[in-house]
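One line per chain: the protein sequences are A and B, in this order.
If you count by the numbering used here, then the first sequence holds residues 7 to 206, one letter each, in order.
If you count by the numbering used here, then the second sequence holds residues 7 to 206, one letter each, in order.
To be clear, the hints were calculated from the coordinates, so they are not data collected in a lab.
Heads up, a few of these hints could be off.
What the hints assert, rightly or not - Computed list of lysine-lysine pairs in BS3-like fashion (alpha-carbon distance at most 25 Å, straight line):
1. B:Lys57 / A:Lys21
2. B:Lys60 / A:Lys60
3. A:Lys57 / B:Lys57
4. A:Lys57 / B:Lys21
5. A:Lys21 / B:Lys60
Protein chains: 2
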Amino acid sequence: MNLPDPIRRIADQLKGLPGIGPRQAIRLAFYLVGQGRNAIDELSSAAEDLKRMKACSRCFFPHQDKNNLCDICLNPRRDKYTIAILEKETDLVSIENTKKYNGRYLVLGPISKTGALLDFQKLRLQSLKNYIQKELGGKAEEIILAFNPTSYGDFIAASLAKELDGFAKKISRLGRGLPTGGEIEFADDETLGSALERRG
Amino acid sequence: MNLPDPIRRIADQLKGLPGIGPRQAIRLAFYLVGQGRNAIDELSSAAEDLKRMKACSRCFFPHQDKNNLCDICLNPRRDKYTIAILEKETDLVSIENTKKYNGRYLVLGPISKTGALLDFQKLRLQSLKNYIQKELGGKAEEIILAFNPTSYGDFIAASLAKELDGFAKKISRLGRGLPTGGEIEFADDETLGSALERRG
Numbered sequence: 007m008n009l010p011d012p013i014r015r016i017a018d019q020l021k022g023l024p025g026i027g028p029r030q031a032i033r034l035a036f037y038l039v040g041q042g043r044n045a046i047d048e049l050s051s052a053a054e055d056l057k058r059m060k061a062c063s064r065c066f067f068p069h070q071d072k073n074n075l076c077d078i079c080l081n082p083r084r085d086k087y088t089i090a091i092l093e094k095e096t097d098l099v100s101i102e103n104t105k106k107y108n109g110r111y112l113v114l115g116p117i118s119k120t121g122a123l124l125d126f127q128k129l130r131l132q133s134l135k136n137y138i139q140k141e142l143g144g145k146a147e148e149i150i151l152a153f154n155p156t157s158y159g160d161f162i163a164a165s166l167a168k169e170l171d172g173f174a175k176k177i178s179r180l181g182r183g184l185p186t187g188g189e190i191e192f193a194d195d196e197t198l199g200s201a202l203e204r205r206g
Numbered sequence: 007m008n009l010p011d012p013i014r015r016i017a018d019q020l021k022g023l024p025g026i027g028p029r030q031a032i033r034l035a036f037y038l039v040g041q042g043r044n045a046i047d048e049l050s051s052a053a054e055d056l057k058r059m060k061a062c063s064r065c066f067f068p069h070q071d072k073n074n075l076c077d078i079c080l081n082p083r084r085d086k087y088t089i090a091i092l093e094k095e096t097d098l099v100s101i102e103n104t105k106k107y108n109g110r111y112l113v114l115g116p117i118s119k120t121g122a123l124l125d126f127q128k129l130r131l132q133s134l135k136n137y138i139q140k141e142l143g144g145k146a147e148e149i150i151l152a153f154n155p156t157s158y159g160d161f162i163a164a165s166l167a168k169e170l171d172g173f174a175k176k177i178s179r180l181g182r183g184l185p186t187g188g189e190i191e192f193a194d195d196e197t198l199g200s201a202l203e204r205r206g
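Same shape as in the complex, but just chain A:
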């Protein structure tokens, strides 16, 4: 059947969002109608609010302060010689939540399926290089390529390691092994292999 226009319109918007398929988009549209005007107003006002966010000019994590830099980049107690490069803002949030990292970041943005960097990503990488040259005397202590432990993440990490060769004393990746709480019996071969190789 032909969906009512407003349902179709918002479903088209929603189905473009990560993790939302066309069916769920339609379900969400009807659900919102059922929630009524106030709920719709709250949602669109919250969406409007997002327009106040801007990307930190150094690490590109979104923030809402008047400064050009985010809290992390402004914090003098964070080690500026250690820089983790990652794809998504949510990866940064996950790493922050461990409370085990005191360095800085570079958010590269989701990398396309071809593995090639988009123009804005090349610019971000260039701005990191400039920063290392100007502010860190040409060499960071460590650059952590914090990409997913997948063959895709491996590929990106390998190409960035080449690209950034000489810009840090050490270029590392996140450790691999058994996830805490996991069971050896159910670990896949790759994971168990990594756990053996990196035992200690």
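Following the hints, position chain B against chain A.
This is chain B only, laid out in the frame that chain A set:
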């Protein structure tokens, strides 16, 4: 870490939507920021547009016409003596898409986990009864209780069948059996049992 306020705010809205968990809500929030002002504007304008929808005063499916009734209820070629009662607007869309149903509907709205009808659902049911009495001479031809084939759906159908006893010559449910394209080998016992009982 503390998420930036606008991210937290929209994530709180999004995580209340069906099928969206707290992690995906945060991911969606960052994604929207990354999409920029125009995409955010389009989304909130599409959300605003939803406010033009209103529920059909007979079947409660949302529509945007000036009439009180939706296209289906206004259509004289639809059989008004056959009424399918269902939970969700999307269930109605799915049934319409089969092009095998020419009756009318009553959208009851998602039924709570206790299985008890909410006040607005009792009113919808009452308005169906009034309609049957006034417009159909006290008895519909058939009421189809089009709920999911789950123990939960069975429970609701059983209680509605009691409630509507006498308001239709026949009260039915959707047929059960093997889904088209499925394989006997992989059918669960309940499904295969239903397929045997309802063979023909």
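Hints, one by one, checked against the model:
no., hint, verdict
1, B:Lys57 / A:Lys21, "holds (20 Å)"
2, B:Lys60 / A:Lys60, "violated (37 Å)"
3, A:Lys57 / B:Lys57, "holds (22 Å)"
4, A:Lys57 / B:Lys21, "holds (20 Å)"
5, A:Lys21 / B:Lys60, "holds (23 Å)"
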